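Visitor: Chain by chain, the residues run as shown.
4 protein chains.
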Amino acid sequence: MPDIAAVKAALASQRIETPSWGYGNSGTRFKVFAQAGVPRTAQEKLDDAAKVHEFTGIAPKVALHIPWDTVDDYAALAAYAKERGVELGTVNSNTFQDDDYKFGSVCHPDPKVRRKAVGHLLDCVDIMDATGSRDLKLWLADGTNYPGQDDIVARQDRLAESLAAVYERLGDDQRLLLEYKLFEPAFYTTDVPDWGTSYMQCMKLGERAQVVVDTGHHAPGTNIEFIVALLLREGKLGGFDFNSRFYADDDLMVGSADPFQLFRILHEVAGNGGFDAETNVAFMLDQCHNIEAKIPAVIRSVMNVQEATAKALLVDRDALAAAQREGDVLTANAVLMDAYNTDVRPLLRELREEQGLNPDPVAAYHASGWQERIVAERVGGEQAGWGA
Amino acid sequence: MPDIAAVKAALASQRIETPSWGYGNSGTRFKVFAQAGVPRTAQEKLDDAAKVHEFTGIAPKVALHIPWDTVDDYAALAAYAKERGVELGTVNSNTFQDDDYKFGSVCHPDPKVRRKAVGHLLDCVDIMDATGSRDLKLWLADGTNYPGQDDIVARQDRLAESLAAVYERLGDDQRLLLEYKLFEPAFYTTDVPDWGTSYMQCMKLGERAQVVVDTGHHAPGTNIEFIVALLLREGKLGGFDFNSRFYADDDLMVGSADPFQLFRILHEVAGNGGFDAETNVAFMLDQCHNIEAKIPAVIRSVMNVQEATAKALLVDRDALAAAQREGDVLTANAVLMDAYNTDVRPLLRELREEQGLNPDPVAAYHASGWQERIVAERVGGEQAGWGA
Amino acid sequence: MPDIAAVKAALASQRIETPSWGYGNSGTRFKVFAQAGVPRTAQEKLDDAAKVHEFTGIAPKVALHIPWDTVDDYAALAAYAKERGVELGTVNSNTFQDDDYKFGSVCHPDPKVRRKAVGHLLDCVDIMDATGSRDLKLWLADGTNYPGQDDIVARQDRLAESLAAVYERLGDDQRLLLEYKLFEPAFYTTDVPDWGTSYMQCMKLGERAQVVVDTGHHAPGTNIEFIVALLLREGKLGGFDFNSRFYADDDLMVGSADPFQLFRILHEVAGNGGFDAETNVAFMLDQCHNIEAKIPAVIRSVMNVQEATAKALLVDRDALAAAQREGDVLTANAVLMDAYNTDVRPLLRELREEQGLNPDPVAAYHASGWQERIVAERVGGEQAGWGA
Amino acid sequence: MPDIAAVKAALASQRIETPSWGYGNSGTRFKVFAQAGVPRTAQEKLDDAAKVHEFTGIAPKVALHIPWDTVDDYAALAAYAKERGVELGTVNSNTFQDDDYKFGSVCHPDPKVRRKAVGHLLDCVDIMDATGSRDLKLWLADGTNYPGQDDIVARQDRLAESLAAVYERLGDDQRLLLEYKLFEPAFYTTDVPDWGTSYMQCMKLGERAQVVVDTGHHAPGTNIEFIVALLLREGKLGGFDFNSRFYADDDLMVGSADPFQLFRILHEVAGNGGFDAETNVAFMLDQCHNIEAKIPAVIRSVMNVQEATAKALLVDRDALAAAQREGDVLTANAVLMDAYNTDVRPLLRELREEQGLNPDPVAAYHASGWQERIVAERVGGEQAGWGA
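Chains as they are written, first to last, in my numbering: chain A, 1 to 388; chain B, 389 to 776; chain C, 777 to 1164; chain D, 1165 to 1552.
Chain A with its partners taken away, still in its complex shape:
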């Protein structure tokens, strides 16, 4: 049986990065429902993220999205974060909201557009230098909507060339994380639709290029934990973008649609060294809280990852390995389910109390008055949102 003290220590050292855009308004193509108190600046997003960390104790990093979080002085922004007890994390690029990118960015047929897109990515590395961020995360909206619209292989060649230019520019401690996504906004092909494509491109770039698994970006029926296990085996898992979905990508709170899947993913992480500090797996949220209150939704999401991690750490791996060796299917499955069926919330409440935190982060947030304060104070200006 796992040692509870070791489990607690592992949980105490867990770090989950929250996305600056999760604090702003978002919506579907049909409607964005604005919420009161939503941040208007990068600083206000950091203020909110700091609250999430204050109450959960495991969310000290905040991912930036450029240009949504563009500021004049990134070092000052980093200092601002530090004052609030958090730090700037992964830099996310945006090569999909400019009119030039109608037919793609780094894969665009026109070299001028590709240069512009690569230029933006290089700017992001400059920002990383200023913020001390380790990771550049690329999600590319590149792709085509109709068969014949462009040449699949030519686009792949352009992708390789563009990524190589960015990879060259990275510092020794910086990484390029390449996300994949089956579809949307491109509806016939995306240029990086699956882990295989991302892996293939990363292999050719070099060691500091790694794959990001966004849990919402797969075809129906895909076994995500299998991919996670394979990438860990290859040393190519750069990180996660956590969220969940019932149908296609829709950025619901991680663990809300299929908590058992989240557990299985984290079970593979735990069993293959993915929680070791030197493995450098980035655990990030990438979500949109369209109709639910944003800060409590982020807190709930962080807790969902934490609870699933606790369960994964509680798997009796010796018993599991023994049952596997014996070909005892039911016992092996039962060992796993035993951990999953455990209610880990008392353990986590205990852990929080030991760390001087309120055992109930959501209640603590609601009691803190922060929500009332931001609703009252954040009046006027333009609320942050995907386009803001």
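These are computed hints drawn from the structure, not numbers from a lab. Some hints could be false.
[Unchecked claim] Distance condition first, Cα-Cα at most 30 Å in a straight line; then the derived DSSO-like pairs of lysine-lysine:
| hint | chain 1 | residue 1 | chain 2 | residue 2 |
| --- | --- | --- | --- | --- |
| 1 | A | K31 | B | K419 |
| 2 | B | K624 | C | K980 |
| 3 | C | K807 | D | K1280 |
| 4 | B | K500 | A | K112 |
| 5 | D | K1172 | D | K1368 |
| 6 | B | K624 | C | K784 |
| 7 | D | K1195 | A | K204 |
| 8 | C | K784 | C | K858 |
| 9 | C | K784 | C | K888 |
| 10 | C | K1012 | C | K892 |
| 11 | A | K112 | A | K102 |
| 12 | D | K1276 | D | K1195 |
| 13 | D | K1172 | C | K807 |
| 14 | B | K592 | C | K980 |
| 15 | A | K116 | B | K419 |
| 16 | C | K888 | D | K1195 |
| 17 | B | K500 | A | K31 |
| 18 | B | K490 | A | K31 |
| 19 | C | K807 | D | K1195 |
| 20 | D | K1276 | C | K807 |
| 21 | D | K1280 | A | K204 |
| 22 | B | K419 | A | K102 |
| 23 | A | K204 | A | K102 |
| 24 | C | K878 | D | K1400 |
| 25 | B | K592 | C | K1012 |
| 26 | B | K504 | B | K490 |
| 27 | D | K1280 | D | K1266 |
| 28 | D | K1195 | C | K892 |
| 29 | A | K236 | D | K1400 |
| 30 | B | K500 | B | K419 |
| 31 | D | K1276 | D | K1266 |
| 32 | A | K31 | B | K396 |
| 33 | A | K236 | D | K1368 |
| 34 | A | K112 | A | K204 |
| 35 | A | K116 | A | K204 |
Since the model is a prediction, treat every value here as computed from it, not as a measurement.
Fit chains B, C and D to the given chain A structure using the hints.
Guide: For chains B, C and D alone, kept in the frame of chain A given last:
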């Protein structure tokens, strides 16, 4: 073998309704790429729709969307359409772009919101009276994003009550067409997710409530032509919203993702009386042309339906029935494929020439100078789009 | 908060029916891996089923499959069951393993084949009279593999006619339960592919025709609990065939692939009167244990349904309704998740002890010596399997 | 515009390999419907395959499946084939129908089972030496049914080790083709579920290890032609297993479910050198004709690939490239659709006549008397089937 003259006559009498919103800007949640020359008013949308009819000869009806096409005087708008050779068609309601509708419209927990939504639907019937439209098409964005968010059965009760209030108001020659959609913008449940739910609600409303099949609104693997056949058997197929998709709903041009599926659907329509005038099946497009030129895309879409219809009409139904009776799987399939593999474009070119049309509608449109004219003239003002 | 005594009482009265074929050999089209000790007769299947009931206390009914469980004297078989503490349950027909059924059974183009198939179904009702079974469950393998192979609507007409003949024959307390399945063994259409088709056919037959939801028979992304809620609202949910799957139908142990989905389904059952005795919902397993030990797998499956039921009964419905009324998405979801995240195993162990059962049914089975006994005794003869 | 003479020359040189098992009985897990006249020996399968080649002119190779086609003297079998105008092709291994393989073959936890499986694969290479076959095609049924059943990474390690042992044994002109499959018969994980896994394993083995794309083995919504294009770009496309499906894998005739997809796949083949002799892409059928007549179904399938190839060769690639360069989405798509919508059957009839073949292969087969002859002569003995 089908009689070619009869096939031509059937094709000549075909009517495909185009959607006013297909002429305006549209996009994904990530970005709307604006196009030059896009209409700014309901009248300009009718101007564009008239061009589609001018060159195809089978698209005389234009579906309205309220409030996107709100005008002061609908009778005047109908007259405006008539002058341009087209007529106003189905009225589409919108109960998803108002802040009140965050948790639904006709299924909302709050009776005040439901009253507002029903009020809008009743207003749409008033507009139908003014425009002479036969059909009110309801696509409801109602649903929930998270398990537990609302009560599924209570929402269904509210749906039934709201629809009954609208049904009551219909004139004797008017219909309520209820669309279904698996997901989006609701991501856990929609309140009318499948044909079964729509059928069940329509059955209870009465004869003038019928089901709309949007070809993009199904779970992966759904056999759409089976549904079409069943609804025709029950006298409950009100119409189609045509479009296509490779993944989830994405409103590509009908016939562009799976032309064989479109053929199979129209084969069921042809074989079950769906092209008979008295069956009253409305053949509508419901598409968004995010990155392709809008008017030529609508022309191409109309032609795709026309070509698939021609193939469906060419099926040798006697030979098919004979092979089916004999259990000759390969021959039965071959009879169907023989029609599908036929190149019907020469037949359609001939038909167009007989009708005094240019045999190549897309080329004719490009040669007409209309695109250059609207790009030059439609400057200033606010372009039409989903939110406009 | 739910009253624990009431929850326990509800759990104590729960009844889960196990399928006779789950005790026999099964496999995929590639291979059947035979297991030692597998029953060779209907009686031996009842012996095994009796063990499942002995250790779980909630599985007193055994579903029969005709002709796999054909015996000369069904009254004697019922008496045999009774002696072992169980009773005969639902009768399942088989119209798919005879050469005549190559192109269907009750939907076959040839009236002779349809008569044969209907004759078998009528024989099943005779058996029900002898066994005292309430329900005839029809899963039809009818369908087509290729477009054009047969006429969809004609097949639906034949289906309606065949079912009507069977419905006529039912006694006043007997029901016809019509299962639906998206695909397999028919690969282009099945004749009852979805709940809508089953509902439509059942509506026309009458009150004693009801829909069976097999949890493995849906398109990817289908919200099964929505269907369950709707059918309960209509009084048309006849029962469940429980199993689970990661991809297409594959009959894994219920709750093993998506335990949260199972919980959500049972939450709708609990919230809409589905556990009330007078609702008459049949809770059945329909599984195949291809590579795992069969009896312990059935025990585990019964426990999985029991655990999910316990969680569903623990939902604080007052708190849920309050949060729903207030549009508090996060709280409503949290109320549901709170029940789901509860470890109900201690409660169930307690309940079993109160009932004089071993708190750990799987361990009790292994300690009982039954497995060793059947492996030793059931030598020679032909093992039961799908074709046996 | 493509030169018709060149298109004809390319079509005349096309080679499609038919599978020996496609001539035998097959079925679903529910039932195998036996057909009269089905072969009883490897030789009789070759006789049937020779008929397919006789009437199509492009199917001179026959894939073997070991042990289904085990004979004492493979050189004699090769000579037998040659006498009938065909030759032995790819050798397919079988590591899934032995009781030892319940938990896998080359990935099995027990080294003894792995040794047995590798031994079988080495035997297959011996057979290749005798038959002169170039390719060993591995489809592995390895995987797990339940989470926890075995260790994903350990299985991947065993897979790599087993494959390396086989790769070592290959002659310089022999290849190892590794197929992938999302699911079935393993229902939780397969050990080679997607192209990425196959690619990763093949990369490490060396140049003569390549990926096989079975068109039926993907998750819903997967863009297969994208994978084909990528593998061609990498020089890693070993070949195709053609078939089609509407839902999960079900081995329908290629081109029968989505002929447009087949065209798009072959368009990528044509555009990326995949038809060049030196690219060595193996074009194989892998199908089961459960309810349709087997030999005509194989002929029809060969013709479906041929027709789709003809369309792909007719794409005006200059016009396509020009439209792509200009970002003219509609024209680019129209160029592709123009080729797809062409009825290529007259061209193929012409080609066959030029080659001295009957222009209608199916009719020619039916007129040949072969079917009557085999039905009359092949009486007694055991029919070939998956297990025979």
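Visitor: Honestly, which of those hints from before does the structure not fit?
Guide: Of the numbered hints, 4, 5, 6, 7, 9, 12, 13, 21, 24, 30 and 32 do not hold.
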